[in-house]
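Hey, can you work out the whole structure from these sequences and the hints?
Residue numbers (numbering that gives the first Met the number 0), protein chains in the order written: chain A, 0 to 220; chain B, 0 to 451.
It should be emphasised that the hints constitute simulated quantities derived from the structure, not laboratory data.
Note that beta-carbon positions come from the ideal geometry of N, C-alpha and C, so glycine has one too.
Take these hints with a grain of salt, some might be off.
[As the list claims (entries may be wrong)] DMTMM-like mimics (lysine to aspartate or glutamate), calculated; alpha carbons at most 20 Å apart, straight line:
no.: 1; chain 1: B; residue 1: Lys262; chain 2: A; residue 2: Asp85
no.: 2; chain 1: B; residue 1: Lys234; chain 2: A; residue 2: Asp81
no.: 3; chain 1: B; residue 1: Lys262; chain 2: A; residue 2: Asp81
no.: 4; chain 1: B; residue 1: Lys234; chain 2: A; residue 2: Glu20
no.: 5; chain 1: B; residue 1: Lys425; chain 2: B; residue 2: Glu233
[Stated by the list, open to error] If the Cβ cut is set under 8 Å, some of the chain A residues that face chain B in the computed set are:
no.: 6; residue: Asp8
no.: 7; residue: Leu11
no.: 8; residue: Leu104
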Amino acid sequence: MRILIVEDDPLLRDGLAVGLEMAGFSPDAVACCADAEAAMRGSEYEAVVLDVMLPDGSGLDFLAERRRLSDATPILLLTARDQIPDRIAGLDAGADDYLGKPFDLDELAARLRALLRRRAGRTSVMLQWEDVTLDPASLSVTRGGRDVPLTRREFTILRALMERPGAVLGKASLEEVIYGWQEGAESNAVEVHVHNLRGKLGPGVVQTVRGIGYRVGGERP
Amino acid sequence: MRSMRARLLLILLVTTGAAWLSAAGWIYFSTQAQVEQVLDARLREAARMVDSLLTDERIEVASAAQMLPEAGIERDWGAENYSRQLSCQIWSLSGEMVGRSEAAPRQRLAGEGEGFSQTVVDGETWRVYTVLNPGRGVQVMVGDNLKIRQSLVNGVMMGTLFPMTLMLPVGGLLIWLAVRGGLAPLDRMARALSARRADDLRPVGDESGPAELRPMLAALNGLFARVEAAREREKSFTAFAAHELRTPLAGVKTQAQIALASKDPEVRARALAQIAGGVDRSSRLVSQLLDLAAADASEDDLPPEPADLGRVLEDAKRAVEPLRQRSGVTFAVAGNLDGRVACNEPLATTALKNVLENALLHSPDGGCIAISTASGDGLVSVVVEDEGPGMNEDDIEHAAERFFRGQTPLSSGTGLGLAIVETVLKRAGGTLAIANRPGGRGLTVSLTFPAA
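Here is the structure:
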């Protein structure tokens with residue numbers, strides 16, 4: 000799940016990037032509004048973690064501008080100003096959530112998961128397809144009650160496919176999902192991960208739609 | 000005297016008492032003069048009357064002395080025994096007493112001449128008017144016993160002074176009430192002030208207050224305004240400080256959580272290194288916040304002890320020496336360092352230290368920082384030029400704003416350095432100028448102080 004982090008403080012930006020990656024997200028991190036805009040123009044993000052005080056302007060203005068452009072990407076405001084009037088101003092500017100500094104990394108991850116769940120219109124915390132269950136919080140997958148140990152990338156691919164059962168995701172989309180732009184993807188990386196995933200899960204979960212991509216569920220070939 | 004009321008009361012009582020005493024003295028002397036004048040006129044009239052009776056031969060010489068106009072005088076003055084004491088003697092020119100009134104002494108009351116005279120008879124002083132009647136060959140003498148006159152004057156005085164004396168305590172009471180009433184606005188102000196909450200710094204009183212209180216109220220309100228401004232500064236400072244400290248704290252916490260959660264030793268080591276850096280930055284932020292608070296708190300009304308420019312530069316250089324050694328940058332100092340600037344010395348040192356620190360942080364390793372001084376027009380400038388990347392022109396304008404950190408911030412930057420410099424200079428009445436060096440890389444920062 001690609002997340003954009005907009006935070007000017009280098010220490011915190013780095014911490015957010017590493018921490019969210021450990022929590023199973025694929026974060027990109029930028030330091031100012033202009034970079035954030037460029038990043039959002041170039042890629043699709045599932046959520047944005049936005050600092051309010053940025054060197055080239057207010058995060059609130061950036062937020063309002065995104066909403067004016069009818070961009071519905073969930074945005075979580077992250078700021079040291081966490082008095083009630085500040086929270087109200089942030090939420091009314093179009094934020095989906097608000098977290099005051101300093102915060103707990105696990106709480107931030109949980110709130111992001113909640114945002115994504117809401118965005119997908121899901122009520123269940125777990126992703127379920129037949130006997131496959133995926134827990135986004137603990138990053139664990141079971142099939143028929145048996146734990147399936149997956150790497151982070153394999154887990155990310157499976158989660159992207161299980162978010163929308165039946166939908167076909169192309170190789171390029173999956174690459175975007177698992178890599179931030181700092182990491183270069185190898186040309187056959189997605190195929191390798193899918194191959195490993197099938198090996199661990201057993202047959203019949205991840206299907207190939209020839210020439211288009213992969214899916215979980217939908218019509219059986 | 001501590002109490003203004005007692006002081007005012009004393010002053011008023013003493014002055015009104017003095018005024019009262021001089022009025023009484025004046026009344027005494029003028030009454031005495033008037034009474035004497037009137038009594039003298041009566042003496043003269045009585046003497047002339049007797050004389051004219053003698054001249055007209057309407058009465059015998061011997062009985063003439065009994066003919067004094069007793070009733071009139073008695074009624075006029077209300078002095079019961081006065082008329083009986085008005086005495087008349089008639090002496091022949093040859094020196095024999097021809098007649099006298101009942102109360103008159105036997106001894107001669109006056110000498111040969113005519114007109115007023117004073118004589119002591121039997122130890123008592125008499126005031127006498129003498130008329131010479133050559134036709135009948137006699138002298139007519141009419142006299143007053145001065146003791147009686149004095150008692151008459153005293154009577155008049157008593158009549159006047161007794162009610163005045165009775166009025167004294169009443170006057171004192173009225174003065175006391177007046178003082179109390181007059182000082183009531185002070186009491187009201189004291190009550191209003193003592194009933195206030197500590198954070199109530201609204202102005203006291205208004206234009207309608209007593210004119211005498213207005214300068215004090217204005218001074219008090221001025222003080223309130225200054226306290227309010229200082230408190231506002233402190234409040235916004237605290238809010239900013241709290242805000243700015245939270246970001247590095249959030250960074251440290253996040254990195255700590257990563258170090259705790261990660262099983263990868265490389266990730267953990269990196270997170271721990273990040274924490275160390277974050278703590279360094281936070282502690283630098285704290286010391287700069289304290290510097291800024293000190294600059295903010297310095298009393299701008301007080302003229303500072305002049306600071307020695309050479310010592311300021313030395314102290315500032317010493318403070319950044321560890322940083323300088325790390326980057327291998329050299330300082331090139333030029334210009335006269337004997338000058339003195341009108342700025343609190345520790346604050347001037349703090350300002351210069353921050354500028355040098357910025358220059359060091361932005362200088363390439365092994366670079367050179369030029370420090371020069373210039374003076375003239377009552378100003379002393381210290382100019383620091385580095386060989387760093389300079390600043391974005393848009394950022395220069397905001398560089399001295401608190402917590403402003405530009406487009407390409409250093410990881411160790413706090414956004415406070417130049418804000419401290421500007422605050423110090425503003426307090427000292429100086430100016431801060433920042434510009435990119437013309438035609439080359441680097442930034443020029445000029446600190447201009449008023450000369451001492």
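### Message
Let me make sure I understand: some of the numbered hints might not hold for this structure. Which ones are they, in numerical order?
### Response
1, 3, 4
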